[in-house]
Structures are given as C-alpha cells and as structure tokens.
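Protein sequences appear in the order of chains A and B.
Using the working numbering, the letters of the first sequence map in sequence onto residues 1 to 134.
Using the working numbering, the letters of the second sequence map in sequence onto residues 1001 to 1113.
Hints may be right or wrong, so weigh each one.
For the chain A half of the interface with chain B, some residues (derived, Cβ under 8 Å), not all of them [to be verified]:
| hint | residue |
| --- | --- |
| 1 | L13 |
| 2 | A40 |
| 3 | K42 |
| 4 | V84 |
No lab work stands behind these hints, which were simulated from the structure alone.
Just so it is clear, the structure is predicted and the values come from calculations on it, not from any experiment.
Where is the CB? At the ideal position from N, CA and C, for every residue including glycine.
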Amino acid sequence: MNKPVENYLYFALTGTSGDAANDAVCYPASTFIGATFSAANKTILKFEDNTANTIDGAVSKKFNSVTLTHANISTNASVHMDIVKAVAKIMANPGKGKVLTVVDTANGIVAEEFEALNNTTQVSCGDAFGITAG
Amino acid sequence: MITIYNAAAVIDGTDDLNVYRTKDFYGMESTAVGVVTSRYLGAVNHSDAGDVIALTVVSSGTDDADRINRLAAMDAMVSKNNTVNKSGFVVAFSEIENVKPGGITGIAVSIDS
C-alpha cells in the first residue's frame, strides 16, 4: 500500500531550550479543520487529533489547537483574515513530503507568506499548544 | 482549499471570522423566509453537530421570488466551495472586503461547542 506523501506544518513556542514537552508541534496539512478569531491579536487554528477522530458520532471528539499571536485589530482591522489567508497559502504549497515551518518563535522564523504581517508585531506562538483539547 | 467567512465589519468575536476546509462543506437547506443555512464539519469534529452558517437573502413576499433568491444564494455558495486556485483560499462572504455573492446580505455563524 502506498502511503500518501504530503506536507506537514511546524509550529514552535518561544522558550529557553525549546526541547521540553509540547514545545513544538507538527501536523499534516490535510488535518487542518478550521480557524477562528481568538482575541484582538490572536487567531486559533485547529487540527484533527488522532485519539478520537476515527469514531464517527462520538460526542467527545478532540482536536489540536495552535494559537498564533499577531498584530492587533487596532493597527490592522483585517489582520485575522490576512493571517488565515497566509496560512492557506502555506498549506497550498505544491511540494510534497516537506516540513513547512509556519512559526518557529524561539528562532524568530516565520513563513515568508507572513512577511507583510510582521511590520508591527512578529507573528508568533505565545500560547501553549492545545494538544488533544475539546 | 480553505473557505473564509467574515460576518462582521469588526472582527472581535469567535463568530466574526470562521474558516473551513472546502471539502467539509455539507450542503444547504432553506430554514426560514429569506434564509439559507449552510453546514460544515465543526471545529470540534462532531459528526452530529457541525457549524451552521445562516445566509440571509432578500425576502420579497412571494414564494416564487423567495425561491429564486434562495437558489441564487445556494448557487453562489456552491461556486465558492468549488473554487480551485493557487492561493489555496476563497472568500465566501466578507463584510470587511464587501464580498457578498448571490444576493446574500448578511451571515450569522453558530459554532458547535
């Protein structure tokens, strides 16, 4: 059986060594479920979790969440839309089998799709990743 | 592909910006005079209670005119959710960007919790 080859999205928090539990997450782009507003300067991305998502009809299904911190709506009214558009462009990368760094906060690395959004506040992962949340 | 919904001119609530995978679009039904309801797989992945987006269209007062208006909204949403492009996203509705296809005047999103 051939395993589908696809891109994975990498996110990392800031921190000291960056090697503690849950400092970084990496999810297949195909497991992206959706995104919503989280705060005036935050957008939350949600990904499928592998602990419950195969049980159709389960009421306790879970997801993994990644919160991106970015400029405030006071400086850019459409920043949340701009952020999700950039994430969509990253996920549409035509390559296969790549690890795409979306945000590596500890190393100050962000995907180039975010560049125009970094003028006032660098896009970062400031909140703990919600692993098997919901 | 990602489908983007922006329900308000100021994004300051969880129902003001909602993004879904286009493949998770479950379809639509009429739910009231001048209202079409779209359904998506919810962010918490429930199969029995997804996210609901009410699309408001002009209600004219006659059944046949209302049917035509609802159908125009459905047609627009099908078109949006069938879009394929290199950017990887499509804006289905946006107050900020004034994207209001198919005669849809406003939307209201209910997120499954």
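Of the hints given before, which are not true for this structure? Hints 1 and 3 not satisfied by this model.
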